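Could you slot chain B onto chain A? The hints should help.
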Amino acid sequence: MNISFVLNGKPVSVEVEPATLLCDLLRETLGLTGTHIGCDTSQCGACVLHVDDSSVKSCTLLAVAVDGARVTTVEGLGKPDALHPMQVAFHENHGLQCGFCTPGMLMSSVEFARRYPNPTDADVRHWLEGNLCRCTGYQNIVASVLRGAAAMRGEQRV
Amino acid sequence: MSNVIGIGARPLRKEDRRFLTGRGNYVADIKRPDMAVGVFVRSPHAHAIIKSIDAAPALAMPGVLAVVTGEDLKAAGVGGLPCGWGITGKDGLPMKEPPHPALAQGKVRHVGDPVAFVVAETREQAQSAAEAVKIDYEVLPAVVGVLDAIKRDAPLLFEDVPSNLCCDWALGDRAATDAAFRKAAHVARISLVNNRLIGNPMEPRAAIAEYNPATGQYTLWSTSQFPHVVRMLMGAFVLNIPQHKLRVVAPDVGGGFGVKQFHYAEEAVITWAAAKVGRPIKWVCERSEGFVSDAQGRDHVTEAELALDESGKFLALRVNTIANIGGYISTFGPNIPTNLYGPLLAGVYTTPAIYCEVKVVFTNTVPVDAYRGAGRPEATFVLERLVDIAASEMGIDRAEIRRRNMIPKEAYPYQTPVMVQYDSGDPKGCLEKALETSDWAGFAKRKSASAAKGKLRGIGLCTYIEACGLAPSRIAGRLGARGGLYESATVRVHPTGHVTVLIGTHNHGQGHETTYAQIVGEKLGVPFENIDVVFGDTDKVQFGMGTYGSRSLVVGGAALSKASDKVVLKGKKIAAHLLESSEQDIEFAAGKFKVAGTDRKKTLADIALAAYVPHDYPLEVLEPGLEEQAYYDPVNFTYPGGAHVAEVEIDPETCIVSLVNYTAVDDVGTVINPMIVEGQLHGGIVQGIGQALFENCIYDDLSGQLLSGSFMDYCMPRADNLPRMTVATHSTPCAHTPMGVKGCGEVGTIGSPAAVANAVVDALAHLGVNHVDMPATANRLWRIIKSSSLLQAAE
Numbered sequence: 150m151n152i153s154f155v156l157n158g159k160p161v162s163v164e165v166e167p168a169t170l171l172c173d174l175l176r177e178t179l180g181l182t183g184t185h186i187g188c189d190t191s192q193c194g195a196c197v198l199h200v201d202d203s204s205v206k207s208c209t210l211l212a213v214a215v216d217g218a219r220v221t222t223v224e225g226l227g228k229p230d231a232l233h234p235m236q237v238a239f240h241e242n243h244g245l246q247c248g249f250c251t252p253g254m255l256m257s258s259v260e261f262a263r264r265y266p267n268p269t270d271a272d273v274r275h276w277l278e279g280n281l282c283r284c285t286g287y288q289n290i291v292a293s294v295l296r297g298a299a300a301m302r303g304e305q306r307v
Numbered sequence: 011m012s013n014v015i016g017i018g019a020r021p022l023r024k025e026d027r028r029f030l031t032g033r034g035n036y037v038a039d040i041k042r043p044d045m046a047v048g049v050f051v052r053s054p055h056a057h058a059i060i061k062s063i064d065a066a067p068a069l070a071m072p073g074v075l076a077v078v079t080g081e082d083l084k085a086a087g088v089g090g091l092p093c094g095w096g097i098t099g100k101d102g103l104p105m106k107e108p109p110h111p112a113l114a115q116g117k118v119r120h121v122g123d124p125v126a127f128v129v130a131e132t133r134e135q136a137q138s139a140a141e142a143v144k145i146d147y148e149v150l151p152a153v154v155g156v157l158d159a160i161k162r163d164a165p166l167l168f169e170d171v172p173s174n175l176c177c178d179w180a181l182g183d184r185a186a187t188d189a190a191f192r193k194a195a196h197v198a199r200i201s202l203v204n205n206r207l208i209g210n211p212m213e214p215r216a217a218i219a220e221y222n223p224a225t226g227q228y229t230l231w232s233t234s235q236f237p238h239v240v241r242m243l244m245g246a247f248v249l250n251i252p253q254h255k256l257r258v259v260a261p262d263v264g265g266g267f268g269v270k271q272f273h274y275a276e277e278a279v280i281t282w283a284a285a286k287v288g289r290p291i292k293w294v295c296e297r298s299e300g301f302v303s304d305a306q307g308r309d310h311v312t313e314a315e316l317a318l319d320e321s322g323k324f325l326a327l328r329v330n331t332i333a334n335i336g337g338y339i340s341t342f343g344p345n346i347p348t349n350l351y352g353p354l355l356a357g358v359y360t361t362p363a364i365y366c367e368v369k370v371v372f373t374n375t376v377p378v379d380a381y382r383g384a385g386r387p388e389a390t391f392v393l394e395r396l397v398d399i400a401a402s403e404m405g406i407d408r409a410e411i412r413r414r415n416m417i418p419k420e421a422y423p424y425q426t427p428v429m430v431q432y433d434s435g436d437p438k439g440c441l442e443k444a445l446e447t448s449d450w451a452g453f454a455k456r457k458s459a460s461a462a463k464g465k466l467r468g469i470g471l472c473t474y475i476e477a478c479g480l481a482p483s484r485i486a487g488r489l490g491a492r493g494g495l496y497e498s499a500t501v502r503v504h505p506t507g508h509v510t511v512l513i514g515t516h517n518h519g520q521g522h523e524t525t526y527a528q529i530v531g532e533k534l535g536v537p538f539e540n541i542d543v544v545f546g547d548t549d550k551v552q553f554g555m556g557t558y559g560s561r562s563l564v565v566g567g568a569a570l571s572k573a574s575d576k577v578v579l580k581g582k583k584i585a586a587h588l589l590e591s592s593e594q595d596i597e598f599a600a601g602k603f604k605v606a607g608t609d610r611k612k613t614l615a616d617i618a619l620a621a622y623v624p625h626d627y628p629l630e631v632l633e634p635g636l637e638e639q640a641y642y643d644p645v646n647f648t649y650p651g652g653a654h655v656a657e658v659e660i661d662p663e664t665c666i667v668s669l670v671n672y673t674a675v676d677d678v679g680t681v682i683n684p685m686i687v688e689g690q691l692h693g694g695i696v697q698g699i700g701q702a703l704f705e706n707c708i709y710d711d712l713s714g715q716l717l718s719g720s721f722m723d724y725c726m727p728r729a730d731n732l733p734r735m736t737v738a739t740h741s742t743p744c745a746h747t748p749m750g751v752k753g754c755g756e757v758g759t760i761g762s763p764a765a766v767a768n769a770v771v772d773a774l775a776h777l778g779v780n781h782v783d784m785p786a787t788a789n790r791l792w793r794i795i796k797s798s799s800l801l802q803a804a805e
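Residue numbers (my numbering), protein chains in the order written: chain A, 150 to 307; chain B, 11 to 805.
With the rest of the complex left out, here is chain B:
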């Protein structure tokens, strides 16, 4: 029986069974023959000179095979970790790009900076030996906050980077913005901190490397979101391994959220060490180690102003941000607070003039790079908080001020003043649906009910847009990207008509094995169970840029759609031959090639068999086989968006915030599998709620020690912190992607922090509070409530 499942259906996931039964294959699960174990020695200091390293005591310990240091790598000609995206400052000069050695050389620049790598027979031996590596440090003053880092007398991380300033970047029309501000009837202002976050996928990072001296072949298994990019960056820039001699495998990966989309030092060091030691080596990151070595997210300090006319129309927006990128430039670090931030500041509004300046600053902290949303939640937070402040100050309803400024549906495609052109959308449609679904109108009643219980209730709204589907290579190239951002897919139709898809994106929870099978089902009429998806192995999959920036379905799915179309094209030629007809007369639908207007037909399986057993086949004009490959490079970003409504209740005694209702209406374009999209929205929203209410990465100001270095100190959202959410979609198809998809991985995380923060501020509005920095913890609220009641008492 044929079970063809196409676009829009909600089949259960193909990938579930292995995970449900403990048969997943994560890097930490893999064993190689004669495998040794590696442990990193990491800096205990935020900023120090390495005066000497004495490996001898460690080398003398039982089972120890090698100790690798930065000097060893330098002597061997190993390069620094490359940055994949360079930016240019407002002075027209390129960003400062100091070297990022895989193991520290001469100096350490954050707690957790890797200094040496110890390889031994067992984990216990490697751990003991790691403690015996003698490192003499001269501790230097450290700087952890961006405002301190740019002070004149601040300690410098790099001698040739004055003021620790990596880049002073700007976007928009300053003169037009200034002029608009001069005409403004009202200016709303905010000064805020976007809190630093730690992504914390539940699977810690891990790697295994192996070298075969007889073939010169290296293999790296890594918890990576983009194995082909790791092969390219590590092979070509760091270790000088020819691409055809390097295989990178990213098997099942337990969550990424951006944290696993960088080329990490550990990958290069372990690969180099495996050849040196002549044995496979495994390294599994401990959670506490991940806290000081996984790239972190956000960390902005921002001042922003919104100019409005008397009617509440937005005239101009001015934003000044200082963004922390930590102790080194990570793979995409400089791109996040600039190109993925500034262009989002138009939001869903018609603001005619926008000017944004971003200072990108080094500090003695873990490098900052993309974390789910990456730049876009930060932009949304600035804008949506300002809109609420403006509404409150001008006495305009919060939904109404948004309506007055929204881009009307008919105005798409819409060119913003900050570079991007939105292709499609209906922000007002999302807003009205969210207001209705959340019973915005009934809030006053719920607030009274809460008040009767002695609780403060607040409601908050966020209307937002995202730019994702990374990315049109040509535009990205102009913005400093050093690689292409297309995707590739191969559709391999087997002689039996079964299909294997080989694709360059990486599935680490997003359900690609299911979604892609639906695309092939829709396109080729192949039953769901007859399609498998292969990813995550550079020796199997032709090429790929991996999974990040909500790009898999948008770019990878489009490549898959194109490759499927090519299969149909070739199939038509074969069918025309077999059915003794002309190619133009062959129609393809539901897995069958038919001569138009007749009942003569061949199934896809018939065609595949003929292609692989070409006895009766047009060999003179057509190659045998039925396998097609496509590369797809998008013409624009995609622009999902939506409206989120959060409702909180605050206990004024304990100051604990309870999120009591959450409604999201998102426009993610065409939905392939609603079940999977809802799951992505749930997860994304909760990560944003985490930022708004719980999560905060804190370093000690003086010592640079990470204070939130475990799950006991860094508060991850738990099941009992959350209400049942209502998620819905309000889709306008993307105008330029083959299936109309826009991407859904990050939208939740972009819309939710501002919605929750706006609700918290609303609950405290009667105290004169107009902003609360995230996370809105009981401690923070207690201080705010206390100080405002003291103020009121004094008045």
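The following block holds chain A by itself, in its conformation from the complex:
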């Protein structure tokens, strides 16, 4: 099947098998390996990206489902020389270690920040229940998300 969608701001038209998963299309065909696959039961959240601004687990979505949609992956969130505020927050708060869960954490957190105007520590922890990290013990991830959300609201660092 041929599908067309907007990927990180650019139109894409591509031939896919009906059973192809979105994460596989991105990684194997479109060369975007920032979206990671850490499990086979949709538990770990390493593959989270945005479809029309909603965070979704791309290991659970058929590629054909994004026909006509806007897809944003971690590669489209910010650039190495112009990081997104959430990426800056993860960097400044040591919110990543091995980096494998990071793309999914970032993409989940950006949607979280858009949804929660005044988030608490507990809000972040509850929201990230679907993103596993084995390195950080989550403490610095939670701090990163709170800071990144504040930065997205335009608040300066204190």
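It is possible that some hints are incorrect.
To spell it out: a stretch of chain A is covered by chain B in this simulated footprint if at least three of its residues, at any positions, have a beta carbon under 8 Å from a beta carbon of chain B; those stretches are [to be verified]:
1) 227-238
2) 243-250
3) 262-276
4) 284-290
Which residues of chain B face chain A? A few of them, derived with a C-beta cut under 10 Å, are [unchecked claim]:
5) Lys41
6) Met685
7) Arg728
Treat the hints as calculated values from the structure; they're not laboratory data. The structure displayed is predicted, hence computed values, not measured ones. Note that beta-carbon positions come from the ideal geometry of N, C-alpha and C, so glycine has one too.
Quick look at chain B alone, frame taken from chain A:
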């Protein structure tokens, strides 16, 4: 502008940018031209004879390039997977070391045991063909628990290993221990299970292999913590590939925790198959496959006793452990429950006599090997639970009984009765700081507040020590290590003064690129942004033993420090020539070589340029270039330690345990980057909390099927299971490492299980509970609370 960042500063990590922007380079991200895909066929049975394998139906399927079996490997002379550490039993005989074929030969010994490898054009084709490989099994009775495995009528995994006993090992002075027990005023006893764990780094294992018949060169990309060791073990022992014809690359690796520090069957099979098929092959482990093929951790059954005098002084400790090492000997399997366990049983106490016996046992389960902490959390758990039981039985405060028995700061270096000599430490300092930071004294008030809400609150303490920084090669050799345990580093100063560090450790989350740059900054005065660290490629880095056992900074960092010193030494000779002075008069500080007492100086960049453009240079006595290499072999282990305090609240209705407070005060020696150390402590502590409250690897007793085989069945700690932790350091510098560092990767995982378990038991103490096995799940607590209330009702 110069931005020199040295030891003790907290620069943000150099490695972050690629991970934050999806530009990491993990094995699964790599593609090679004309690459085929491999899939393993794994045993569905825990124990069975392979009567026949028929690959023909699979080979006839579209896109299939090859099916490799154990018999193929045997016919080709491929060796078994070697064990890197042999142990000797108390009878003086070596451990039983049955062969560990890369693909099963004749028999399978655990669910997930690899039986065949299918290579095809696409993943889908390989998966379909894997299902078409016809294997005729004769299923045998399986044994999964250690107590069953040593029974007289137990099924035997290996015909020549009676009672499934790999080794019956002992440490310590039995007679002195027995004598001390006879004098004891009180004996505290415990019988416990240390639950089996699955490490589960978030990146599943993966490998790509390629062979160039024109050069005879093999390349293996692998998710490994130690590529040089894989090259050595696989090249020299399994595939007979000369070392100079084998390159092993471990690029970005998504977490290790020990799980990726073994030479795995898949690495050897894919490398052999790539040459046979004549194409690069990629294999990416699925998570469900990792659950039955990544080496697992812990799994002890232990009986232990602590003898005390009337005042609560520890007189002796006796420990009897049966340790499960699974269906085969993994790379370091036998070493973990023995050499990394027994010597830790002194803990931070002056116990004069200790005797420990460990039976290392085969079962029809996935091989057990090192997982973060590896042996040391198990030892700490036994000791710290016993200390709490003794305190409770003798009516002594839990902190006080520890104080009475702690090694005083002045007593270091301290020789324990179980082999090791601690060089430095201040356990009492850590304890007092932890008690204060956690507001131990205010607990009663918090307990009342919880009680008013109908909740049971408990607080627990763990004071512990670790032996890490693996390892002094000579001592390790005496203990059975079959390799050296030094580390190597090269400091390459470029003609511009920029620096590349090439080091044999592997960075898979620990922040080495940042920490090592700080060491070079401190030593050579080179700006932070002018230093890069190269690791994980045997063609780039001279040699190395890799990253495990909290060794990278301790051993690798020391090698780096030594190599930097050599750069300064050579630089001084060059500076003396350029400044027309004597070498003795040259001083080096902050990146500048100066003639003492003058303002004549040269920068490191000036010296480097002169070394690479040697027009004005003492060529008669000095080689050009500015690149120095050092190997460092430590003289002792390092001994980080600390005190952890956990506080839990239990809802007696649901029996759910909530961890509400956690405080850790750790002595990791000199801290290079506090931000990174705190991150390591957070992660380590949560893995230990995982063991204490959530994680449990369970096999069906009869069939040997893994019941906890996915993230839906194996409970990983999640963000909403945890409180905000308080971590702090209380450092005494290591007496023998160049920078005083001790290592911080595993401490969290060592201190936390006992702290949490002690808190859970404390919360239930009023019910007469004196032990709760891990994990303290709602189900387990419900049974305990129910049975104790039934008992109380009956009384």
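Status of the hints after comparison with the structure:
{"no.": "1", "hint": "227-238", "verdict": "holds (count 5)"}
{"no.": "2", "hint": "243-250", "verdict": "holds (count 7)"}
{"no.": "3", "hint": "262-276", "verdict": "holds (count 5)"}
{"no.": "4", "hint": "284-290", "verdict": "holds (count 7)"}
{"no.": "5", "hint": "Lys41", "verdict": "holds (9 Å)"}
{"no.": "6", "hint": "Met685", "verdict": "holds (5 Å)"}
{"no.": "7", "hint": "Arg728", "verdict": "holds (5 Å)"}
Checked against the numbered hints above, the structure breaks none of them.
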